[in-house]
Amino acid sequence: MKSSPLFFLSLFAALAFSLTALVLATNAQYGALAPYLDETAGAAFPQAPQGLAARGHMVYQDLGCAACHTQQVRRAGFASDKERGWGDRQSVARDYVHDDRVLLGDLRIGPDLTNFGARAAATGLDATGLLVLLHNGQGAMPGYPFLFVKQLVTGQRSPKALAIPGSPDCELAPTPRAEALAAYLLSLNAGHDYPETKPPAKPAAPEAGKK
Amino acid sequence: MTDVPPTAAQPEASDIDASARGPLLLLIGSAILWLVAAGVLALVASIQLHTPAFLANCAFLTYARMQAAQETAFIYGWAINAGLAVSLWLLARLGGRPLRATGLAAVGAIFWNLALTVGVAGILAGDLTGFAFFQLPAYVQPILLVAYAAVAVAGVLAWIGRRHAFTFATQWYAVAPLFVFPWVFSVAQVTLLFAPVHGTLQAVVAAWFGQNFGALVLAPFALAAAYYLLPKISGRPVHHYDYAAHGFWALLVIGGWAGGRQLIGGPVPVWVATAGIIASVLLLFHYLVVAVNLAGVLGARGSTALRFAAIGLLAYVSGGAINAVTAIRAVAKFSQFTFFSVAQTQLLLDGAFTFMIFGAIYFLTPRLAGRPWPSAALMRIHFTTVLSGLVLKVGGLFVAGWIQGSDLNHAAVGFPAIAGHVRVWLLAATAGQALMLLGSLALALNYTRLVAVCIEPPVAEFFRAPAAVEVTGS
Chain H
7 MKSSPLFFLS LFAALAFSLT ALVLATNAQY GALAPYLDET AGAAFPQAPQ GLAARGHMVY
67 QDLGCAACHT QQVRRAGFAS DKERGWGDRQ SVARDYVHDD RVLLGDLRIG PDLTNFGARA
127 AATGLDATGL LVLLHNGQGA MPGYPFLFVK QLVTGQRSPK ALAIPGSPDC ELAPTPRAEA
187 LAAYLLSLNA GHDYPETKPP AKPAAPEAGK K
Chain L
-13 MTDVPPTAAQ PEASDIDASA RGPLLLLIGS AILWLVAAGV LALVASIQLH TPAFLANCAF
47 LTYARMQAAQ ETAFIYGWAI NAGLAVSLWL LARLGGRPLR ATGLAAVGAI FWNLALTVGV
107 AGILAGDLTG FAFFQLPAYV QPILLVAYAA VAVAGVLAWI GRRHAFTFAT QWYAVAPLFV
167 FPWVFSVAQV TLLFAPVHGT LQAVVAAWFG QNFGALVLAP FALAAAYYLL PKISGRPVHH
227 YDYAAHGFWA LLVIGGWAGG RQLIGGPVPV WVATAGIIAS VLLLFHYLVV AVNLAGVLGA
287 RGSTALRFAA IGLLAYVSGG AINAVTAIRA VAKFSQFTFF SVAQTQLLLD GAFTFMIFGA
347 IYFLTPRLAG RPWPSAALMR IHFTTVLSGL VLKVGGLFVA GWIQGSDLNH AAVGFPAIAG
407 HVRVWLLAAT AGQALMLLGS LALALNYTRL VAVCIEPPVA EFFRAPAAVE VTGS
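Order-wise, the sequence lines are chains H and L. Residues in the first sequence are numbered consecutively from 7, following our numbering. Residues in the second sequence are numbered consecutively from -13, following our numbering.
A couple of the hints might just be wrong.
So, partial list: chain H residues that the calculated Cβ filter (under 8 angstroms) puts toward chain L [claimed, not checked]:
no. : residue
1   : 37
2   : 39
3   : 101
4   : 113
Have a look at the derived ranges for each label pair, beta carbon to beta carbon [as the list claims (entries may be wrong)]:
no. : chain 1 : residue 1 : chain 2 : residue 2 : range
5   : H       : 179       : L       : 434       : 17 to 27 angstroms
6   : H       : 58        : L       : 111       : 43 to 53 angstroms
7   : L       : 181       : H       : 129       : 36 to 46 angstroms
Treat the hints as calculated values from the structure; they're not laboratory data. No residue lacks a Cβ here, since even glycine has one placed at the ideal position from N, Cα and C.
In isolation and in its complexed conformation, chain H is listed as follows (with noise of 0.2 angstroms):
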């Protein structure tokens, strides 16, 4: 390796290997994915996250949720993400065309997220529930007070607000940080089929059924 002209543009080369198939070519395969139009339903999915929830996402963001919690079910088969209850589906790209910033997380110190908000729903965690589980914590997770502010009662109590156990003057109202957090959280579902959704779970079939 005598001369620099030689050295430096095969270093351009090698990086450009790896950058032309995993940036480019992934690019022009399904950079321009968009959601599927269900005609039977009459709607596209994934539906795009509105309002608060779309804020939630934010938060999520910012407090690092993503540090903990995956949000990405493999298949059947592969692992226990079916068992447990995380989804019945492998998670595919189109599920995530909304996001603006994609958090597919690597670390499970928690449950996987990617259908929270039907898990939710099917146990009848409500927005109050999940405030007051955010508050406090759970297991590895540490409460998140500081999205609560502590105030005194005058009148009437606030619908939102969380009581506090042995002091009836007091509540927890939760900041519009806590409240777009749950709006996001219980938006979490990612249970519409697709088409790429259906072929790959055959090749599962066998292994489920061997169990």
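With chain H held as given, fit chain L onto it using these hints.
The following block gives chain L in isolation, referenced to the frame of chain H:
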């Protein structure tokens, strides 16, 4: 390796070192400060893993922000500052000429560290991007790019202006990151922050960037040091040196592809993960070449610099092997999304990179400063504490990760039970982190004392007798 005998026509090694003193001591000093800061942040984050309520009452002290801040302080603060210093010094030494553009390098170093300080504060305030290895807020990223380039110019000039056309493995590894980092960093800035790609492409680009950062920026900095220190200190040749070039190009060509292994089973094209798996396995060739070339370092005794480099080399090669094994889908099923993959990263950051660079710092700082290290005891304390800390931290995380991965694969085991099973191993990791912080403080103290005296004019006879530096400093 190439030290030219001092003659009238050629500058002495001491002149080359003197030319680089200011900016390099600044870079190393900043690096050590960031290492201590990252150690404190990492300790808090580590405690929060087994004691979630610890310091959890303020938004800026929550686990996720601590974790992002410690990672950023470590890789952008410690690793880049130290890596650049080592790279510039090696390129000047082996180029056989005094370093040029040192003023620009110093300005770049100052701006790098100022922007980074703002960036880490931004992370704590909630402006983290959410991408691993790329957490810095968008408003400091362009400044960092320019600042890095300003420092790198000195290294590229040293490469171009070298005295001999022939180059050594050390020089290839030292100059590559100067070029690779601005390239991948600017691509990531555009495609993730300023004109973001859509959907899960972001995850693919982020994995590509993180992989390049680790394998093609940090690893080459460290390998440059290892390829220099081994023959220089031990006097032994590099075994099968002919293969070194193959090892280098294998890393450069294949290295960037391996990031896809983190996306196994994820909502991205399957070929991205498959390419990552294949690349991780093919990279074994690179690790084999490095192991064969530098195995001689393992038997070395008596030199702190070499002992550090030897541990770093072991961590590097074993880390590469573990990455290849866990890239296989059947194994990834257990290791993915667990502390096991955290341990893999830390083995390469805290182990491989940091130890090889410690070796280089112990070797080059006395030469830059013109004085030996003030305290051999602090050096021994540093070595003992960081080595035991590394074993405890990475070992603890590996075991915790394996338990966690096995538990996660049994749907009946709930999260409270998993937390209970891994707790003791996470405590071990915290103890390890505390020890490593202690070691960093020993290094910081030793370095401060060394630099404090070197503000006076350097001792001339010291340069004339490099052997003396060798004995006391390495």
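At the C-beta level, are residue 179 of chain H and residue 434 of chain L separated by a distance inside 17 to 27 angstroms? violated (49 angstroms)
Taking the Cβ atom of residue 181 of chain L and the Cβ atom of residue 129 of chain H, is their distance within the range 36 to 46 angstroms? holds (41 angstroms)
Can you verify the interface hint for residue 37 of chain H: is its Cβ closer than 8 angstroms to any Cβ in chain L? holds (6 angstroms)
Hold the hint about residue 113 of chain H up to the distance rule: shortest CB distance to chain L must be less than 8 angstroms. Status holds, d = 6 angstroms.
Checking hints one by one. Is residue 39 of chain H an interface residue toward chain L, by the C-beta closer than 8 angstroms rule? holds (6 angstroms)
Can you verify the interface hint for residue 101 of chain H: is its Cβ closer than 8 angstroms to any Cβ in chain L? Because about 6 angstroms separates residue 101 of chain H from the closest Cβ in chain L, which is inside the 8 angstroms limit, the hint holds.
With 43 to 53 angstroms as the target window, see if residue 58 of chain H and residue 111 of chain L comply at their CB atoms. Since the Cβ atoms of residue 58 of chain H and residue 111 of chain L sit about 23 angstroms apart, the hinted range of 43 to 53 angstroms is violated.
Consistency with the previously given hints fails for numbers 5 and 6, ordered from lowest to highest.
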